[in-house]
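A.B. asks: Listed below, chain by chain, are the residues.
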Amino acid sequence: EAGVTQFPSHSVIEKGQTVTLRCDPISGHDNLYWYRRVMGKEIKFLLHFVKESKQDESGMPNNRFLAERTGGTYSTLKVQPAELEDSGVYFCASRGLGSTDTQYFGPGTRLTVL
Amino acid sequence: GENVEQHPSTLSVQEGDSAVIKCTYSDSASNYFPWYKQELGKRPQLIIDIRSNVGEKKDQRIAVTLNKTAKHFSLHITETQPEDSAVYFCAALYTNAGKSTFGDGTTLTVKP
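As they're listed, the protein sequences go chains A and B. Positions 1 to 114 (the working numbering) are the ones given, in order, by the first sequence. Positions 115 to 226 (the working numbering) are the ones given, in order, by the second sequence.
Take the hints with a grain of salt, since some may be wrong.
What the hints assert, rightly or not - Straight-line Cα separation of at most 30 Å, DSS-like style, residue types lysine-lysine; simulated pairs:
(1) B:K136 x A:K44
(2) B:K136 x A:K51
(3) B:K156 x A:K78
(4) A:K44 x B:K182
(5) B:K225 x B:K182
(6) B:K171 x B:K156
(7) B:K172 x A:K54
(8) B:K172 x A:K44
(9) A:K51 x B:K172
(10) A:K15 x B:K182
(11) B:K171 x A:K54
(12) B:K151 x A:K54
(13) B:K156 x A:K54
(14) B:K185 x B:K172
To be verified - Partial chain B-side listing against chain A, Cβ under 10 Å, derived:
(15) V118
(16) P122
(17) P148
(18) F203
(19) K213
(20) F216
Treat the hints as calculated values from the structure; they're not laboratory data. Even for Gly, the Cβ is constructed at its ideal location relative to N, Cα and C.
Build the full structure now, drawing on both the sequences and the hints.
C.D. replies: What follows is the structure, encoded as structure tokens:
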């Protein structure tokens, strides 16, 4: 089966601009997660969708970040306006319902804010 | 919330030696502990996991141990090979909540 895909793989923008990241989960996976790794530190949780609903958005850093998952398939994460500290690698992961707890990660989007 | 600490941050071993990476967690409700391997420029890949009702799990050269009382779990890699070089992340989660809390990562270098 196809894995989790993310687009773009890299994005370089200037402070104050807007960027939208996209994640396509594994087909049929209702659970979708966004994570971020900043400056070689730990991978930090941002939010969790179950289908199109936000189950947990406790990790979202501030209101400059907006995540959507219309239709319960792919998800977007918009950063507007971007700040320098938003630079990092944004990972998406998906998980199916049922007994398996394994989260499958996408390749990540490396965001650089100049 | 959950807090996971991972040690060491870097580890260098000679090919054929063993490598051990340790993690501690804070939330006794956590019941699932996966380990991910991330090679340079690639996605984190699950390599082994353990649930709270099990003390040890092994898969070929990789094993994970869990001590629920002490709230720590460890990854053991035996007979290391250069292709084991990567960043390894431990994570803890309460499966009903779903979100993973990760350690800072360990950069393992296996020298030929």
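A.B. asks: Work down the list of hints and note, for each, if the structure agrees.
C.D. replies: Results of checking the hints against the structure:
no.: 1; hint: B:K136 x A:K44; verdict: 19 Å, holds
no.: 2; hint: B:K136 x A:K51; verdict: 35 Å, violated
no.: 3; hint: B:K156 x A:K78; verdict: 23 Å, holds
no.: 4; hint: A:K44 x B:K182; verdict: 23 Å, holds
no.: 5; hint: B:K225 x B:K182; verdict: 33 Å, violated
no.: 6; hint: B:K171 x B:K156; verdict: 25 Å, holds
no.: 7; hint: B:K172 x A:K54; verdict: 36 Å, violated
no.: 8; hint: B:K172 x A:K44; verdict: 27 Å, holds
no.: 9; hint: A:K51 x B:K172; verdict: 34 Å, violated
no.: 10; hint: A:K15 x B:K182; verdict: 45 Å, violated
no.: 11; hint: B:K171 x A:K54; verdict: 34 Å, violated
no.: 12; hint: B:K151 x A:K54; verdict: 28 Å, holds
no.: 13; hint: B:K156 x A:K54; verdict: 27 Å, holds
no.: 14; hint: B:K185 x B:K172; verdict: 19 Å, holds
no.: 15; hint: V118; verdict: 8 Å, holds
no.: 16; hint: P122; verdict: 14 Å, violated
no.: 17; hint: P148; verdict: 7 Å, holds
no.: 18; hint: F203; verdict: 6 Å, holds
no.: 19; hint: K213; verdict: 5 Å, holds
no.: 20; hint: F216; verdict: 4 Å, holds
In this structure, the hints that do not hold are numbers 2, 5, 7, 9, 10, 11 and 16, in rising order.
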